[in-house]
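So the protein lines, in turn, are chains A and B.
Residues in the first sequence are numbered consecutively from 1, following our numbering.
Residues in the second sequence are numbered consecutively from 1001, following our numbering.
In short, the hints are calculated from the structure, not lab data.
Some hints here could point you the wrong way.
[Unchecked claim] Here are the computed lysine-lysine pairs in the DSSO-like style, where the Cα-Cα straight-line distance is at most 30 Å:
(1) A/Lys180 - B/Lys1432
(2) B/Lys1426 - A/Lys10
(3) A/Lys180 - B/Lys1072
(4) B/Lys1097 - A/Lys152
(5) B/Lys1401 - A/Lys152
(6) B/Lys1220 - A/Lys152
(7) B/Lys1119 - A/Lys344
(8) A/Lys152 - B/Lys1307
(9) B/Lys1175 - A/Lys152
(10) B/Lys1426 - A/Lys180
(11) A/Lys180 - B/Lys1431
(12) B/Lys1198 - A/Lys152
(13) A/Lys152 - B/Lys1177
(14) B/Lys1124 - A/Lys180
(15) B/Lys1421 - A/Lys180
(16) A/Lys152 - B/Lys1368
[What the hints assert, rightly or not] Some residues of chain B that are not near chain A, with every Cβ distance over 12 Å (derived):
(17) Lys1173
(18) Asp1185
(19) Arg1257
(20) Glu1315
(21) Glu1351
(22) Gln1369
(23) Gly1374
Cβ coordinates follow ideal geometry from the N, Cα and C atoms, glycine included.
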Amino acid sequence: MFYREVGQFKTSYDADEAIFPIAQDRWSVIVLIAFASLGVPLFAGQYLYTEVLIPVLILSIAAIGLNILTGYCGQLSLGSGGFMAVGAYAAYNLALRLPETNIILVFLFAGVMAMLVGLLFGLPSLRIKGFYLAVATLASQFFLEWAFARVKWFTNYAPSGSVAVGRIELFGIPIDTPGKTYIFVLAITVVLTLAAKNLVRGRIGRMWMAIRDMDIAAEIIGIRPLHAKLSAFAVSSFYIGVAGALWAFLRLGSWEPLAFDVNRSFQVLFMIIIGGLGTLLGSFLGAAFIVLVPIFLNQLPSWLGIAMSTAMISHIEFMLFGAMIVLFLIAEPHGLARLWAIGKEKLRLWPFPY
Amino acid sequence: MTGKTMSGIRVGIALAGAVAVAAPALAQNEQFIPNLVYRTGAYAPNGVPFANGIADYYRLINERDGGINGVKIVFEECDTGYATDRGVECYERLKGKGPTGAAYVIPLSTGITFALTEKTTVDKIPIISMGYGRSESRDGSVFQWNFPLLGTYWTAADIILQHIAKKEGGFDKLKGKKIALVYHDSPYGKEPIALLQKRAQMHGFETLFLPVTHPGVEQKATWLQIRQNRPDYVLLWGWGVMNSTAIKEAVAVGYPREKMYGVWWSGAEPDVRPAEDGAKGYNSAALQHTAGQFKLHEDLKKYLYDKGLGAAKWEETGEILYVRGLINAMLGVEAIRTAQERFGKKPLTGEQVRWGLENLDISADRIKQLGFEGELRPIKVSCADHEGTRTGRIQTWDGKKWNIASDWLTSDDSVIAPMVKEAAAKYAAEKKLTPGCLVTN
Chain A
1 MFYREVGQFK
11 TSYDADEAIF
21 PIAQDRWSVI
31 VLIAFASLGV
41 PLFAGQYLYT
51 EVLIPVLILS
61 IAAIGLNILT
71 GYCGQLSLGS
81 GGFMAVGAYA
91 AYNLALRLPE
101 TNIILVFLFA
111 GVMAMLVGLL
121 FGLPSLRIKG
131 FYLAVATLAS
141 QFFLEWAFAR
151 VKWFTNYAPS
161 GSVAVGRIEL
171 FGIPIDTPGK
181 TYIFVLAITV
191 VLTLAAKNLV
201 RGRIGRMWMA
211 IRDMDIAAEI
221 IGIRPLHAKL
231 SAFAVSSFYI
241 GVAGALWAFL
251 RLGSWEPLAF
261 DVNRSFQVLF
271 MIIIGGLGTL
281 LGSFLGAAFI
291 VLVPIFLNQL
301 PSWLGIAMST
311 AMISHIEFML
321 FGAMIVLFLI
331 AEPHGLARLW
341 AIGKEKLRLW
351 PFPY
Chain B
1001 MTGKTMSGIR
1011 VGIALAGAVA
1021 VAAPALAQNE
1031 QFIPNLVYRT
1041 GAYAPNGVPF
1051 ANGIADYYRL
1061 INERDGGING
1071 VKIVFEECDT
1081 GYATDRGVEC
1091 YERLKGKGPT
1101 GAAYVIPLST
1111 GITFALTEKT
1121 TVDKIPIISM
1131 GYGRSESRDG
1141 SVFQWNFPLL
1151 GTYWTAADII
1161 LQHIAKKEGG
1171 FDKLKGKKIA
1181 LVYHDSPYGK
1191 EPIALLQKRA
1201 QMHGFETLFL
1211 PVTHPGVEQK
1221 ATWLQIRQNR
1231 PDYVLLWGWG
1241 VMNSTAIKEA
1251 VAVGYPREKM
1261 YGVWWSGAEP
1271 DVRPAEDGAK
1281 GYNSAALQHT
1291 AGQFKLHEDL
1301 KKYLYDKGLG
1311 AAKWEETGEI
1321 LYVRGLINAM
1331 LGVEAIRTAQ
1341 ERFGKKPLTG
1351 EQVRWGLENL
1361 DISADRIKQL
1371 GFEGELRPIK
1381 VSCADHEGTR
1391 TGRIQTWDGK
1401 KWNIASDWLT
1411 SDDSVIAPMV
1421 KEAAAKYAAE
1431 KKLTPGCLVT
1441 N
């Protein structure tokens, strides 16, 4: 009843090529973005910003990055943590050595450096596939972690190997409060998501998907695997690198290579598996799930007024979180985004399903 | 089912946000103290006694004295699992609770201390990182909100080196010797490197740095290197299971335990017990206390354990990390007491407690009064020195218990002070800070 495209005629090619051809979708996205940028600051407290919204948004960017590579192009990667580290340390070094650089340029530089490293580690993908590629990218994860822990230049010879960033300014406005940080991260997320959406639904995205679905068939119809796979690695690493720099600068403030260890790679991979491979929405839902559910479970006993020992709360958190992941994957192996799509299908027929 | 589950999650997430913002109101005359602990995860064997010690001391103050000058202590634990991002989340969750917010925060992890260092400056909450954190954070003019009380890693490393030098017959005898550092590959483990390099340069001994990846159960390659290089001494900067593994590996390659020296994180009962007889002769730096029950335990028994209120088992209350928890809580409580003398006997803000920490002065008499005689040396904190004291001892494990094996040793400030100054200045430059003592009105 509410979600039906009856009567919405497409009278031009532009209308047909729109990102959201259905008016309800278009409006709900606009309302969502407006709410996120204008509505949220009206009521959000610091905890909501720093522990809920900012981490979810930044990790969503990383998940989009990995989704481009794994979900759209079918190349399994376990190196996301390492590429995030490349972004973080590239941004750190640029900001340190050329302190006058605009922060946007710093983050772009982080993305570009991660892209170059990603291209390098993407080369084996032309020869090896599937699980073997996953292992090769895992090697890149360990190598990058090692490099940032051992090569002193990257950390500016900090004795402890931990680095910290100073105040961040954008066009003279300091980004110092959680509210400003949130708006900044939100803006970057929106721009990057829009770019990703346009990439994956255009020629390049179709090329990736063709490679994903059957690389030999794709090659036969004239898609160059070198081109397709490496471009997926490049774009994916760019996103992950930007996410890494944002994570380091705006979330952590001071960090060590351990912040980007192999667990981070798995975390991002689980986000796209639970959220939904090959969907951008899934990247957001997956990031929200992985970041928020443990925090939610951890605080649940105190909200319900159940007195429980600290250790017990943690154990229960782990058990319930694990159980929820298993249940979700049994209920819908295609992830949360698929559940959302099913919901929309049902809504189209409601209240008269057949 | 699928659609419903979906909306259930969304409601859950919305709830998570909404409830987290509205912290429950507490009664007015209460001082809130957050407690970041790890009772789970790879480091739980060490984290649990520490957390118990802290909890018991706060409870004792409430039960015996009715709070700090009548202000009840309310504390809440949050399990970090020794993970930095989780620790930051815990801090954010707890910092605003109570009528005046958190009095101070005890991160109990060098990584979390690093991460919180900037956040606490904005939130105006002091960090007590007793014996850990950045060594240069003792410079209170740059690290205004950090208090690495009772010695930093540089102090610990220097005390160990002094002890070794004494055994050898002076620092000049160290020339040509080889000292290895087996360390946890994290900011924590890397902290002593700067001091060891400096001392090596001064006295002409060789150093060998051997990192071990978290959590440290795989050390075969490390100890193979030790066997090949035969260092004269091995310093151990490990944590949790890494320590007992290191001692077992030392037994396996036949490295004498008498020549091994751990930092205080590597010198508690859970570190040596798993290695059984193999750990006999192993040494560690004690900043400042050692194991065993003392005067305060009479009160603990009377007010807590006889009533069944204790967090630990009675026989565990003499363990090193439990005692360390007690001391850490005591220093925090004394800082609040000091601040109360100036700001009034009411719940205080983090800013006021910071003043209390910076003006903390615990004399030998006061230590006796508090029931900590024999465990501590007098402590005096100032803006220039957030460490309070720089003395410690070396203790040796005899297979059953820890025994003090040295006199009180004081780290050499003519070596450390310039290093602190340089490192703090570098930090200030990186962070674009102007150093200066903080004045609280």
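Structure-based check of all given hints:
1. A/Lys180 - B/Lys1432: Distance of about 20 Å is within 30 Å: holds.
2. B/Lys1426 - A/Lys10: 62 Å, violated
3. A/Lys180 - B/Lys1072: 37 Å, violated
4. B/Lys1097 - A/Lys152: Violated, because 40 Å separates the two Cα atoms, which is more than 30 Å.
5. B/Lys1401 - A/Lys152: Given that 30 Å is the threshold and the Cα spacing comes to 41 Å, the pair is violated.
6. B/Lys1220 - A/Lys152: Measuring from Cα to Cα gives roughly 26 Å; hence the hint holds.
7. B/Lys1119 - A/Lys344: 42 Å, violated
8. A/Lys152 - B/Lys1307: 55 Å, violated
9. B/Lys1175 - A/Lys152: 27 Å, holds
10. B/Lys1426 - A/Lys180: Roughly 28 Å separates the two Cα atoms, so the pair holds.
11. A/Lys180 - B/Lys1431: 19 Å, holds
12. B/Lys1198 - A/Lys152: The given pair, whose Cα atoms are some 17 Å apart, holds under the 30 Å limit.
13. A/Lys152 - B/Lys1177: The hint holds at about 26 Å.
14. B/Lys1124 - A/Lys180: Roughly 20 Å separates the two Cα atoms, so the pair holds.
15. B/Lys1421 - A/Lys180: 34 Å, violated
16. A/Lys152 - B/Lys1368: 47 Å, violated
17. Lys1173: Non-interface label stands for B/Lys1173: nearest chain A Cβ at 27 Å, farther than 12 Å.
18. Asp1185: Non-interface label on B/Asp1185 violated, nearest chain A Cβ at 6 Å vs cutoff 12 Å.
19. Arg1257: 28 Å, holds
20. Glu1315: 20 Å, holds
21. Glu1351: For B/Glu1351, whose nearest Cβ neighbour in chain A is about 17 Å away, the distance exceeds 12 Å, so it holds.
22. Gln1369: Non-interface label stands for B/Gln1369: nearest chain A Cβ at 32 Å, farther than 12 Å.
23. Gly1374: 31 Å, holds
Hint compliance for this structure: hints 2, 3, 4, 5, 7, 8, 15, 16 and 18 are broken, all remaining hints hold.
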